[in-house]
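K.L.:
What follows is each chain in one-letter form.
Protein chains: 6
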Amino acid sequence: MPNAPTAPLNAAPQAIDSERYRRGLAKLREIDGEAGERVVSSLADIAPDFARYLIEFPFGDIYSRPGLDLRSREIAVVAALTAMGTAAPQLKVHLHAALNVGVTREEVVEIIMQMAVYAGFPAALNGLAVAREVFGEAST
Amino acid sequence: MPNAPTAPLNAAPQAIDSERYRRGLAKLREIDGEAGERVVSSLADIAPDFARYLIEFPFGDIYSRPGLDLRSREIAVVAALTAMGTAAPQLKVHLHAALNVGVTREEVVEIIMQMAVYAGFPAALNGLAVAREVFGEAST
Amino acid sequence: MPNAPTAPLNAAPQAIDSERYRRGLAKLREIDGEAGERVVSSLADIAPDFARYLIEFPFGDIYSRPGLDLRSREIAVVAALTAMGTAAPQLKVHLHAALNVGVTREEVVEIIMQMAVYAGFPAALNGLAVAREVFGEAST
Amino acid sequence: MPNAPTAPLNAAPQAIDSERYRRGLAKLREIDGEAGERVVSSLADIAPDFARYLIEFPFGDIYSRPGLDLRSREIAVVAALTAMGTAAPQLKVHLHAALNVGVTREEVVEIIMQMAVYAGFPAALNGLAVAREVFGEAST
Amino acid sequence: MPNAPTAPLNAAPQAIDSERYRRGLAKLREIDGEAGERVVSSLADIAPDFARYLIEFPFGDIYSRPGLDLRSREIAVVAALTAMGTAAPQLKVHLHAALNVGVTREEVVEIIMQMAVYAGFPAALNGLAVAREVFGEAST
Amino acid sequence: MPNAPTAPLNAAPQAIDSERYRRGLAKLREIDGEAGERVVSSLADIAPDFARYLIEFPFGDIYSRPGLDLRSREIAVVAALTAMGTAAPQLKVHLHAALNVGVTREEVVEIIMQMAVYAGFPAALNGLAVAREVFGEAST
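Protein chains in written order, with my numbering: chain A, 1 to 140; chain B, 1 to 140; chain C, 1 to 140; chain D, 1 to 140; chain E, 1 to 140; chain F, 1 to 140.
Excised from the complex, chain A in its bound form:
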């Protein structure tokens, strides 16, 4: 695999897609802040194109759609990642994101607790453990 030099995030990688990329990068920054950019940067050495797809499809296409507000989108994502139980690092990023777009800590805890009903108590307990970590970081 070529050890590609890390392009700066605000360089559009393909002229034809530059609008999706710019829109996605702006949305990523709005939602995930630094945590999102760190995920993208961490891909530069191993899968730089995947960093581009991550900006373009989830953020440039999906999160940018007008049909559902960001608060509702993050409620959906926190619920899904908690229930799946296979995505602790991503749950951490999206707990920060949920707080960023106006979900309160109390609401985050309610969402995770509700997952005990649908995915079992272990899924909720593990989700609460990630939330404790995020709340600790967010308050410093």
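Rather than coming from a laboratory, the hints here were simulated on the basis of the structure.
Treat the hints with care, as some may be off.
As a list, the in silico DSS-like pairs of lysine-lysine whose alpha-carbon atoms are at most 25 angstroms apart [as the list claims (entries may be wrong)]: (1) F/K92 <-> A/K92; (2) A/K92 <-> A/K27; (3) F/K92 <-> E/K92; (4) E/K92 <-> E/K27; (5) F/K92 <-> F/K27; (6) D/K27 <-> B/K92; (7) C/K92 <-> D/K92; (8) C/K92 <-> B/K92; (9) B/K27 <-> B/K92; (10) A/K92 <-> E/K92; (11) D/K27 <-> D/K92; (12) C/K92 <-> C/K27.
Which residues of chain E face chain B? A few of them, derived with a C-beta cut under 8 angstroms, are [said to hold, decoys possible]: (13) Y53; (14) F57; (15) D61.
Backbone N, C-alpha and C fix where the C-beta goes; we use that ideal spot for every residue, glycine too.
Mind docking chains B, C, D, E and F on chain A? Use the hints.
P.N.:
Just chains B, C, D, E and F now, with coordinates in the frame of chain A:
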């Protein structure tokens, strides 16, 4: 297993828990309408106590909590069940529930589409297939 | 793929492994009865070697081990398949198996109900739906 | 939700992305044939934009990449969908796709059998059931 | 989220439910010993009500039911958590619990090995890694 | 559980199965190299029979079959373990194995990226994190 005569849903099965049961039954009816009652009734022959737990814990305890509005709770549940991919009958009930508590069809589609990002395109495609079924039933 | 003629189940396919195969076939019949043999027969056209592995490894090796009684093994399998939620046909076979080796209907219902705690209410509800089907078949 | 008139698949929905869309549609036809187009068409009433994303991201972006041949991509997808156990309709489409791009029936059976090791015998048995269905359709 | 002062575990949080809570707390101590109480205590800062639900529903309701002995319940839980593969911390607690209620180490290993058949070798290998850790702790 | 003295790997544990065991051990060494042997050795204290099954069934039976080349088998396994998201230690072993049997680093990255489509972006991101670790080890 005793083939227990089906008790009417509004009979409180244990004096001590009657408050949780009544609160849960009212909440179940508010959220899931007839679909929820059908799930509960269908348990009467095989696991009547499980029908009681279903009313008491998810509905009497969790859904009755003040910290998160019902609309947000149903967004969370639709997202989680779509992402898990193992709960089509329950997703169907909760798509009806989501529409009941004010989530629009367009928003339902957005929530399911977003799951393509977190649980893959098959999860979203299968979720949309359930939504098409529910939308067809709801409009008749 | 060659459309192999279906060998009778009691023909040992490889001389060297005949002991494991015979032991596994006897164990399969003890536990799963006809349902198990139907699974094996159904593989004859598409994957006859997989039918052999299914007899040799799960039944000839694992189920034949002395360290855990069959009743406990079937309790474990019913619990796991209910919790996984992706194996309804196999759960059906193993609910018959559990009844065959002495787990009562009431205990089967208890095991499935307990999965609500660990894998969520949908997993338990879907497990109970399979149990209702099996109980109906078993009582005729 | 607006009941959008189904646009013909070869109409580019957004001028800016037309190159990805055309590339994706050609790739979808090459890999999945009619089965893929049926999936896309079926989304026209409920989520027409999702049909577009399905063509653009998986097929226009991922499948069109030069770094891995189509045969290897379909081996990977058949393995993953079999192991996940939550995507039977998509496994069916991709078993057709695997045969289309040169994976033999014997190899398909080997891939699915191998999943018994990594995801358990039920996952492999359920995958073989889908394969039997696909082989029956393909030979008519 | 209010940083609630941690109530002592033996304080009944709601008069109406005190019987379920007391029964559940006694059952938790019988089964999980200190490990269970640590889980409950760890929730006091972030989700004190969830600690209460955990005592009331799984332990006060489910584990307290007469229809299945504790040994069988823990066999079911160890099997399910091993097969799910998303609940290592809870598997650890329940391996201790299984030993507490009379499942032997040899039987624990048999249960986990059996999961290789139903959930794949990785699930069993990861379960055995947790068991090794628990056996090490239990013997000191 | 008896603390069995670790038998050397090349000792055939059962005369009747010695051919499968020898074939499996040779295949394990061809595919997984030292990493595979470490997995097997680590089982010696807790589940020595499971080490034997691991050599006999996956390697002596499945990997030794002529119907699919080793490169394709490892593509299938890397895809499945990435998609499942519950088997990071095993994914690590099989990323080494994939490189051993001729899958290039670029191809490994393509396989993992493709899983974003079928199992979601978190599954692919977590797979890439394991790949980065393996590529770092392999290049020293």
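K.L.:
Please go over all the hints and tell whether each is borne out by the structure.
P.N.:
Now for the hints, and whether the structure bears them out:
1. With a C-alpha separation of about 23 angstroms, the suggested pair F/K92 and A/K92 falls inside the 25 angstroms cut-off, and the hint holds.
2. Proposed proximity of A/K92 and A/K27 is supported: the alpha carbons are some 18 angstroms apart, at most 25 angstroms.
3. Restraint check for F/K92 and E/K92: satisfied, since their Cα atoms lie roughly 23 angstroms apart, inside the 25 angstroms limit.
4. Taking the CA atoms of E/K92 and E/K27, the gap is about 18 angstroms. The hint holds against a cut of 25 angstroms.
5. The hinted pair formed by F/K92 and F/K27 meets the criterion: a straight-line CA distance of about 18 angstroms does not exceed 25 angstroms.
6. Between D/K27 and B/K92, the direct Cα distance comes to roughly 33 angstroms. Violation of the 25 angstroms bound is thereby established for this hinted pair.
7. For a cut-off of 25 angstroms, the pair hint linking C/K92 to D/K92 stands: about 23 angstroms separates their Cα positions.
8. About 23 angstroms separates the Cα atoms of C/K92 and B/K92, which keeps this hinted pair within 25 angstroms; it holds.
9. For the suggested pair B/K27 and B/K92, the alpha carbons sit about 18 angstroms apart, so the restraint of at most 25 angstroms is met.
10. A threshold of 25 angstroms between alpha carbons decides the hint, and for A/K92 with E/K92 the separation of about 23 angstroms falls inside it, so the pair holds.
11. A threshold of 25 angstroms between alpha carbons decides the hint, and for D/K27 with D/K92 the separation of about 18 angstroms falls inside it, so the pair holds.
12. Straight-line distance between C-alpha atoms of C/K92 and C/K27 comes to about 18 angstroms, which keeps the hinted pair within the 25 angstroms bound.
13. For E/Y53, the interface hint holds, the least distance from its beta-carbon to any beta-carbon of chain B being 6 angstroms, beneath 8 angstroms.
14. Given hint, E/F57 at the interface with chain B, holds; its Cβ is 5 angstroms from that chain's nearest Cβ, closer than 8 angstroms.
15. Against a cut-off of 8 angstroms between C-beta atoms, the interface hint on E/D61 holds, since the closest Cβ of chain B lies about 6 angstroms away.
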